[in-house]
Amino acid sequence: MHDPALDSTISLRGLAFHYRDYPGAGRPVVLLHGVASSSRIWLLVGPLLGARFRTLALDQRGHGETDKPDSGYDFASVTDDLAAFIDALGLERPVIAGHSWGGNVAVEFAARHPDVAAGLVLVDGGFMEPSARPGATWERTEKELAPPVLTHLKPEELIAMAKQWELGPIWSDEIESALMGNFEVTDEGTIQPRLRREHHMQVVRALWDQKLAELCERVACPVLFAVAERTAEGRQREWMEMKREGVARAQERLADCQVLWFPDTIHDIPLHRPAELSGAIAAFARRLS
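Okay, so the sequence shown: first residue is 1 according to the working numbering, each after it adds one.
Quick list of the computed label-pair ranges, beta carbon to beta carbon:
id	residue 1	residue 2	range
1	P114	E166	34 to 40 Å
2	P169	D74	35 to 41 Å
3	D70	P169	35 to 41 Å
4	P114	W171	39 to 45 Å
The hints are simulated quantities; they were obtained by calculation from the structure and are not laboratory data.
Even for Gly, the Cβ is constructed at its ideal location relative to N, Cα and C.
From just these sequences and the hints, can you work out the full model?
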């Protein structure tokens, strides 16, 4: 697929933010990636949305090609970044679509800035509230959500490993680009994540401290959950149960909420089901006032 995005950089709050601009017409759509990911998670969705809307995929602080300060990975800071981005580009009543942690960012943003977004699309995210799990402790959460250590791998070794994962059967240049956009190559020829481990753990701590249920009660705009659903066992089954509980908890508190389940779909919906996801985002955006 041809990628028509324009790579751009903008200075906001003392940092240089990289974003990918699909210069379509109509209502703007802002795309937010998950933790340790980048704007390239939207490589397959961006062109489809960009044909109908002004679509912008942002590298959030510490991620992708954006600056990587030592602090500011709490939700107040990242939502202030997003507010500055929307204001600087003059985006009026955007739809904000967030994948995974990006969904949590979107919910926090809408609660803090209730008059800015026309709607939210929470792509397998925006429901994760680790501290709400029965018996949850910070010590357990810190261990479970710590990133894997991959710094001993060379790029070709990571790619070979990733082709054995869930996206292997539909592997493409775009999926490979999305994966490698999360890493840089050292002088020794090995990879290291663009999101430093200490910054990653600051994000995890912010997730632990975030009270999503309370935030949902302050979200005034319509919300669409786009949620991956699979039959699973063991830890994956536990994750699905937590997901259903989190979505149900949000539904009870959001004023205007739809839930669209994507059966037999993995967490990375933007790479696994790009056409279906972009269609759902477009249909949702068109109905907004």
